[in-house]
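Asks: Could you put the whole structure together from the sequences, leaning on the hints where they help?
Chains as they are written, first to last, in the numbering used here: chain A, 10 to 673; chain B, 122 to 249; chain C, 895 to 1006.
The reader is advised that the hints may include incorrect statements.
As the list claims (entries may be wrong) - In the SDA-like style, the derived pairs of lysine to any residue whose C-alpha atoms are separated by at most 20 Å in a straight line are:
id	chain 1	residue 1	chain 2	residue 2
1	B	Lys215	A	Glu563
2	C	Lys954	A	Arg343
3	B	Lys215	A	Asn560
4	A	Lys274	C	Gln937
5	B	Lys215	A	Trp242
6	B	Lys194	A	Thr391
7	B	Lys174	A	Val390
To be verified - If you want a taste of the chain C side facing chain A, the calculated C-beta under 8 Å gives, among others:
id	residue
8	Asp896
9	Ala899
10	Leu902
11	Gly903
12	Leu906
13	Pro917
14	Ala924
15	Asp927
16	Arg928
17	Ala952
18	Asp969
These are computed hints drawn from the structure, not numbers from a lab. Ideal Cβ positions, reconstructed from N, Cα and C, are used throughout, including at glycine.
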Amino acid sequence: MPGLGSAALVVAFGLVAYAAVAGGYAAHRGRRRLLESATNALFASFASVLLAALVLLAALARHDFSFAYVASHTSRELPLGYTLASFWSGQEGSLLLWLLVLTGIGSAAVALNRRLIRTVIPWTVPILGAIASFFALLLVFVASPFATQVAPADGAGMNPSLQNPYMLAHPPLLYLGYVGLTIPFAFAMGALASGRADERWIIATRRWTLASWTFLGFAILLGAKWAYEEVGWGGWYAWDPVENAALMPWLVATAYLHSVMVQEKKNMLRVWNAVLVAGAFCLSLFGTFLTRSGVINSIHSFTQSSIGAWFLGFIAVVAAASTALIIYRLPLLRSRTRLESLVSREAAFLYNNLFLVAFALTVLWGVIYPLVSEAVRGVAVTVGAPYYDFFAVAFGLPLVLLMGIGPLVAWRRASLRAVGRSLLWPAGAALIVGILLLLAGAGSSPAGLVGYTFAAFVLAAIALEFVRGTRARHALGGGSWPAAFTSLVGRNRRRYGGYVVHAAIVLLLVGAVGIGGFGTTQEGKLTQGQSVEVGDYTLTYLGSEQRRAANSQELRARLAVSRGGEDLGTVLAGKNRYFAEQQTSNEVAIRSDWLRAEDLFVIADQFNPDGSVFVKVIVNPLVNLIWLAGLLFVAGALITLWPDAREQRRLARRFDEEGALARA
Amino acid sequence: MARRRSPARLVIALSVAAALAIFLVYTALAGGTPSLRPSQVAGHDGRVSVAGKVVGQPSGTARGPEGLRFTIKDVQGTATLPVVYRGSVPDLFKTGRDVSVEGSLQNGVFVADKLVTKCPSKYTNKQS
Amino acid sequence: MDVLAVALGALLAVAAVAFVARPFLAEPDAEDDRLAGRTSAEQERLELLERRDRALGALKELEFDHRTGKIADADYEASVGPLRREAAEAMRALEPLAPPARAPVEKVDARA
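Replies: Here it is in structure tokens:
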């Protein structure tokens, strides 16, 4: 059925191209039926792309090796889950996933907001169509998932490091995040293009933006956990360009989420927000480009991938078009309200934005500097962890501090005295924690100590917010304290959900500092019965074992773990040898101690013929707080995203008032 | 009431931009480890990092007395360099992969103690 | 290429074209093909609506911050007056620009 898949993609391309061109003309000339036609085209494109996706899925499930894509990414031995997940493990399939998600959520966003944002939708449709056209163009003419060949006996299989349950979740979640950022971009540019926008599109698309940002953030953490377990070097984030590719748009999206609040409430920062949302979208495209083309290996391997140049061209076009549109509408965007005081919540949001964007830019520079250097000077350089770690600390610490101070500062103008008073308790708590930690030996990492002190400050400030809020609610409404608490959060979801997210970020910081600043490592050769000591753990090598799995041979070293004389069981660490792919992968042993939130990390490097084994053992303190933070992050985001009946009613009233203005 | 003009924003933005520019210039000049091609290593005495593609069959083991012996070649070219490595072998190491090794040249052989494999493009065909 | 795929592909294309052409087929000659725009009076009113909502929102947040003890009484007294004035101003400015008659709204809704 490859023909059907190709046909579906061609039809989809025609539809989105029509949506772009006809939609643009209809919006410009104000033609109602033509716009409806273009909108229908967008909806229909989703159906067409879905059909193409189903064709590919069916081919994968059937092990139809006449599809070149199926043959190069799966094999007969590959378990079904991974076979289906190879939909997105290859270039063509992942482009198809991009287009599927784009047409899907694009259609949904347009359909749900058609009646609510009458001036913006006419422009959002062609913009979405244009973006989709690019991907459809690639799929039809450059990288088709439906290329055929003479079916070989078996396929080439999947890269062993991808054969992991995370492969099932990480890419789709990542894409929901990446592609999801298209929605606020399309609406923002649509608002600019229409020239007559009010701010309701921000309120209407707020949840879309928040959801995408949440998916992206969670996917980044999921990817980190995957790397932690699978690549197994003992760390959780390597500042690899592929990781940074997702981090950059997330940072800018975070900045956007904050400053758009200022626009909603104070009608300020409109130009800045337009720049931010365009930047976030371009970075998400750039991230896709980084992971698709071979450009991260070397600028010379750029030509190996067929689509690198296309992506770069598209990003340039998007950036240029957005810039042109913003400049064209500059008079409209100039706000009439000005920043009144450097000590105000508006200012705090502004500082937050500056640090986030600065951090995103340093990451961007770190990623492209090697390429620039090679292209311009002919000298290849590598930018390593020290560069990123330095700026992560330099920008991260002030950001954490702002998380604590921001919510305590009033809008417009806050007196330093009032701020000082609000900060008293949290600052006191932080100081106590800092001194205690110093006495406990945390001074070995000064940056870590400062980080922990700030973390304590923010957590205390957040706790104070919850306490004060609950107390006020209780004073108002009576009833029990838990009831007051739930009522407080229920009525102020954005604020308190936001606080939970902040707490999650602080938790992440605590975990990151723990593993980064306070870990221990030990390596050596162990004969059977020999022990090694790391931190307060003792590991004894008991022997090696072998096992045959579906598509690999597994070799493991069994080690007994004890701490302070107490037996903590055994761990298995070793290697897997994959037959079809002719590759070996490290399978590390991770023993998580949830009470201390630390991990014992064992890498069995080498099995010697004399029965001895070479191991590397690492103790990662507090690392599990990072994963916990991920869950708390999602929980906080869910609170903020939760539909609010009162808010809906208020918005409905506003839309009615606007509807009453509808044309005669 | 609201002050009509507030240069605050401009001042903040400019100062941050200035600080950032200084950082970037600093790192551009002093930062980044030079990464050489195998053809460029000869003559370098100190510690360097070399990037190339693994060719042929690696022999020995990284934790053995001899270390892991393999050859890397210029990504765009034919110059090769023999490498001896001791340490942890990362997951993705195999013939045909692009790797980066750090160490120094000793008697015509590059003795490395750090080995990093570049994330292979999961998205290009197996053949490339 | 197998016949079934070609046939299904053609069917898909035809369905797509039909769906895209639907607005034109449903109303071959529509008297009003204009896309709803906004007059400057409507735009002005909308901006006032937003100004009013912003002022009311700011008031609400001020009350909340005061109740939870974030803003001292003195600062609250100082800020609440100007905010209330702003909200009142915005609401007053809205009155003269009353919305047009209801009837046209129903007609548009039926078509939308």
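Asks: Run every hint past the structure and note whether it holds.
Replies: Evaluated hints:
1. Distance restraint check for B:Lys215 and A:Glu563: the Cα-Cα separation of roughly 18 Å lies within the 20 Å cut-off, and the hinted pair is therefore satisfied.
2. As the CA atoms of C:Lys954 and A:Arg343 are separated by approximately 26 Å, the hinted pair breaks the 20 Å bound.
3. In summary, the hint linking B:Lys215 to A:Asn560 is supported, as the alpha carbons are separated by about 19 Å, within the 20 Å threshold.
4. Simply put, A:Lys274 and C:Gln937 have alpha-carbon atoms about 19 Å apart, close enough for the 20 Å limit, and the pair holds.
5. Restraint check for B:Lys215 and A:Trp242: the C-alpha separation of about 17 Å stays at or below 20 Å, so the hint holds.
6. Taken as a hint, the B:Lys194 and A:Thr391 pair is honoured in the structure, with Cα atoms around 18 Å apart against an allowance of 20 Å.
7. About 16 Å separates the Cα atoms of B:Lys174 and A:Val390, which keeps this hinted pair within 20 Å; it holds.
8. Below 8 Å, beta-carbon pairs count as interface contacts, and C:Asp896 has one with chain A at about 6 Å; its hint therefore holds.
9. With 8 Å as the threshold, the beta carbon of C:Ala899 comes within range of chain A, its nearest partner Cβ sitting at about 3 Å, so the hint holds.
10. Using the Cβ-Cβ criterion of 8 Å, the hint placing C:Leu902 at the interface with chain A is satisfied: the shortest such distance is roughly 5 Å.
11. Checking C:Gly903 against chain A: minimum C-beta separation of about 3 Å stays under 8 Å; hint holds.
12. Given the 8 Å rule on beta carbons, the hint for C:Leu906 holds: about 5 Å separates it from the nearest Cβ of chain A.
13. A cut of 8 Å between beta carbons decides the hint on C:Pro917: the least distance to chain A is about 4 Å, and the hint holds.
14. Contact between C:Ala924 and chain A, as hinted, is supported at the beta carbon level, the nearest pair being about 6 Å apart and thus within 8 Å.
15. The beta carbon of C:Asp927 is positioned within 8 Å of a beta carbon in chain A (closest approach about 5 Å), and the interface hint is therefore held.
16. With a cut of 8 Å, the hint placing C:Arg928 at the interface with chain A holds, because the nearest CB-to-CB distance is about 6 Å.
17. Interface hint status for C:Ala952: upheld, as the beta-carbon distance to the closest one in chain A is roughly 7 Å, under 8 Å.
18. The beta carbon of C:Asp969 comes within 6 Å of a beta carbon in chain A, closer than 8 Å, and the hint placing it at the interface holds.
The structure does not agree with numbered hint 2 stated previously, though it agrees with all others.
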